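Quick mapping for you: the protein sequence lines, in order, are chains R and L.
The opening position of the first sequence corresponds to residue 1 in the numbering used here, with each subsequent residue numbered one higher.
The opening position of the second sequence corresponds to residue 610 in the numbering used here, with each subsequent residue numbered one higher.
Hints are supplied without guarantee of correctness; some may be wrong.
Unchecked claim - In silico DSSO-like pairs for lysine-lysine, Cα to Cα no more than 27 Å straight-line:
1) 5/R to 796/L
2) 796/L to 757/L
3) 604/R to 736/L
4) 347/R to 336/R
5) 615/L to 538/R
6) 419/R to 538/R
7) 5/R to 615/L
8) 347/R to 796/L
Unchecked claim - Label pairs and their calculated CB-CB ranges:
9) 561/R to 793/L: 57 to 67 Å
10) 710/L to 522/R: 52 to 62 Å
11) 771/L to 479/R: 44 to 54 Å
12) 642/L to 485/R: 44 to 54 Å
13) 731/L to 496/R: 36 to 46 Å
14) 700/L to 118/R: 11 to 21 Å
15) 191/R to 642/L: 23 to 33 Å
16) 561/R to 735/L: 52 to 62 Å
17) 615/L to 354/R: 41 to 51 Å
18) 496/R to 771/L: 35 to 45 Å
For the record, the hints were derived by calculation from the structure and aren't laboratory data.
Predicted model, so just to flag it, every value in this text is computed and none were measured.
All residues carry an ideal CB built from backbone N, CA and C; glycine is no exception.
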Amino acid sequence: MNERKLLLGNETIARGLLENGCRIVTSYPGTPASEILSAAAFFKNRYNLPVHVQWAVNEKIAFEIAYAGAISGLRCAVSMKQVGLNVASDPLMSASYMGTKGGFIVISADDPGPHSSQTEQDSRLMAMLAKIPVLDPDSPSTAKEMTGVAFALSEAFEIPVMIRPTTRICHARQDIEQHAFPESFQEPEFEKNPGRWAATPKFRFQLHRLLEEKLLKIALFEQTAPAMVNETRATKRSSRVIIASGVASAHAMEILQELGLFDSIPMYRVIQPYPLHSAFIDLILSTYEEILILEETTGVIETQFADRRRVKGRMSGHVPGAGELLPEIVENIIRKFTHLESLSVEKPSVPGKRPTLCAGCMHRAAFYAIKRAAPKAIYTGDIGCYTLGLNLNAVDTVLCMGASISQAAGFHHAFKQTKKRSPIIATIGDSTFFHSGVPALLDAVVQQVEFVLVILDNGTTAMTGNQPTPASGFGAFGEPLPHVDIESLVNGCGVAFCRTVNPYELKPTIALLKEAVQFCNGRGPAVVIAKGRCLLDKNPGPAPFTPVEVEITDECDECEYCTTHFECPALISGGEGRTMIDSVLCSGCGVCIEVCPKGAIVEKNTNPG
Amino acid sequence: MDNHEKRQIIISGLGGQGVLFITRLLAEAAVMKGIPVLTSETHGMAQRGGNVVSHLKTGGYHSPLIRPRQGDLLLALDPNTAPLDSVFLKPEAIKAINSPSLHSTDSDRSTFYIDAVGGAQKSGSPKAANLVLLGFAVGVSQNMTPAKRLFCSMDDIRNVIHNRFSSDQKQSAQNIAALEIGAACAK
Ligand code: SF4
Ligand code: SF4
């Protein structure tokens with residue numbers, strides 16, 4: 001038997017891709033998908049595999065790189081989170097028409113809940129829109145098996161195939177059987193065929209027709225057909241049936257077993273929610289009186305039943321229309337379906353802890369400086385750790401990647417004719433700026449948008465686990481790469497004011513921000529690059545600051561200015577008349593020394609006694 | 610399958626306290642013993658100091674999540690969330706809770722408190738409160754009747770740490786020191 005190892009769902013997907021001979025893996029980081037590419041990079045490096053593994057600047061670019069490899073006959077994959085698929089939707093819609101040569105897998109990880117996303121959108125709907133098949137794993141081990149199935153399906157029909165794991169699969173760990181990596185790999189071969197790879201609208205119609213034919217056949221593909229998980233004499237006689245996909249099917253299996261219903265209520269596990277197997281739809285409609293469908297996060301399986309009179313699911317209102325299908329919710333749905341009494345769970349309301357920037361994070365200092373320099377500004381924010389500038393009231397809007405800049409432009413144009421204009425300050429991280437901030441900045445330059453853009457440059461993609469950016473100078477597995485200089489890039493966009501500052505030095509930062517606000521009046525964008533390092537970044541590089549030991553003197557009267565306006569988690573006002581420092585959390589950035597209005601926070605050695 | 614291999618465990622705390630790390634040690638102990646394991650972890654925004662919780666199920670389950678009233682054991686690094694986490698526990702489940710002010714003497718027969726932060730400071734690795742709590746929980750469980758005991762022993766956890774840190778003896782020793790301090794408190 002092969003060795004069993006404890007692997008994260010995302011790691012099993014990466015392992016599956018590479019065991020199946022994948023030659024290109026690309027991605028842009030995003031929770032819950034990030035570890036897929038990191039794991040691929042790890043395996044590539046460890047086993048010296050001839051695979052190209054890279055973080056791309058955004059999901060659209062990641063998609064296009066992997067896709068070109070696939071039309072050259074190689075097995076390729078691109079991974080992203082669900083909102084990343086929105087960014088990559090342009091090439092996706094077209095790639096489905098043109099199809100592929102080598103197996104091409106698009107992994108789009110959904111986040112029902114949502115736990116770490118702006119939306120609960122169902123990527124399977126995107127697969128339907130693009131007209132490509134989608135597979136829905138119910139555990140890390142099935143996710144791994146599905147990579148092989150997906151490559152086979154993709155090659156059999158020359159079509160991109162989506163695998164749609166959810167957070168509970170991506171971030172589950174399981175003991176997984178490991179297989180060997182292949183000994184030999186395919187060689188690329190690009191057969192020129194402009195009628196297909198560069199098809200004009202006229203030919204696209206042909207391709208569309210072909211695609212529809214493929215879908216009909218895929219709805220008959222045996223390897224991905226739904227399977228009954230509990231075939232017994234009793235389940236064969238039931239008039240009720242449960243159909244489930246994804247982690248909801250894992251919950252349902254366990255619940256049926258524990259309620260003693262596993263031997264009486266038949267359950268089908270759907271592997272390929274779209275296109276749903278046509279024979280399966282017929283079988284279900286002709287066999288059962290009552291049909292319960294459990295799936296996340298919309299009724300994708302449900303909608304494919306043309307006759308839904310006997311179908312209970314998300315569309316019929318039997319399954320909640322929003323939110324994660326937690327096992328306790330699934331249990332009550334099954335109880336109701338089988339006429340058992342529902343259980344009620346009372347969760348005590350305990351005040352939870354909201355997330356906050358790390359103690360000593362450069363972003364906190366930058367936000368504090370922004371608030372001090374322009375207290376009345378409109379603050380457009382963006383996606384990353386620094387979204388948590390919300391806690392400091394320094395973020396008023398968060399829409400999607402890169403929107404801090406374009407929304408700043410929108411506010412400028414909306415208010416420019418009015419008398420009561422306030423300054424506009426946008427904050428964006430370095431990785432997000434590369435991802436989709438640059439085109440927005442070009443637009444702002446041309447339209448002379450009067451705003452200050454603060455690029456929070458901590459040299460990494462922090463929120464998702466410190467992946468490199470184009471400025472890092474190294475790649476997914478630490479290999480050295482050329483790097484792009486942010487300041488030159490900003491200058492290249494035509495911005496007339498671009499200056500870099502160390503945000504841990506509050507006074508110069510506040511002064512520079514004031515200057516930038518002045519400058520942009522009547523002249524267009526001013527950019528301030530606040531440059532530091534993420535404290536969790538383990539990649540080599542200089543320390544962000546020389547730590548100092550701080551203490552709080554008797555001058556402190558617990559006015560709570562520092563805990564509310566600066567909100568460092570290492571500063572604790574416990575109502576005991578004096579604010580305390582949590583020495584385990586404190587990283588010694590020393591910024592609070594300048595924040596305290598009473599001068600009660602001091603460096604330890606300079607103030608003996 | 611031995612009955613004591615089937616366990617549902619909740620590990621909770623705040624982002625940054627090392628909930629993921631001890632979840633992983635326990636899961637690796639299961640794999641080492643050939644027991645099937647499934648965990649569910651919190652990643653993303655909540656890892657920045659928000660509430661994080663791991664579910665760990667050993668002994669052949671399908672779902673990675675624990676339902677209310679099903680858990681056998683709770684390891685809580687933040688005493689404030691223990692009441693919320695307890696919703697997921699059986700009435701007779703064991704709770705091991707990090708709390709600076711309460712002590713084991715305050716315990717009923719299934720709730721046990723330890724000052725894990727203080728213990729970590731004593732062990733010389735101030736950030737290792739998670740390991741102190743883990744050692745404590747494993748120790749407490751060993752004092753129980755076999756029906757309530759954990760699927761693994763202190764030796765198993767020590768082995769997992771040895772294997773994981775085979776190239777960093779110092780880190781390995783520090784981790785085990787923190788673990789031992791916790792276990793000693795369970796005596
Ligand atoms: S992970 Fe890095 S960027 Fe994010 S809050 Fe912590 S220090 Fe700041
Ligand atoms: S020095 Fe002050 S601001 Fe910096 S981490 Fe410590 S308490 Fe927080």
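Would you list, in rising numerical order, the hints stated earlier that this structure does not obey?
Hints 1, 5, 6, 8, 9, 11, 13, 14, 15, 16, 17 and 18 not satisfied by this model.
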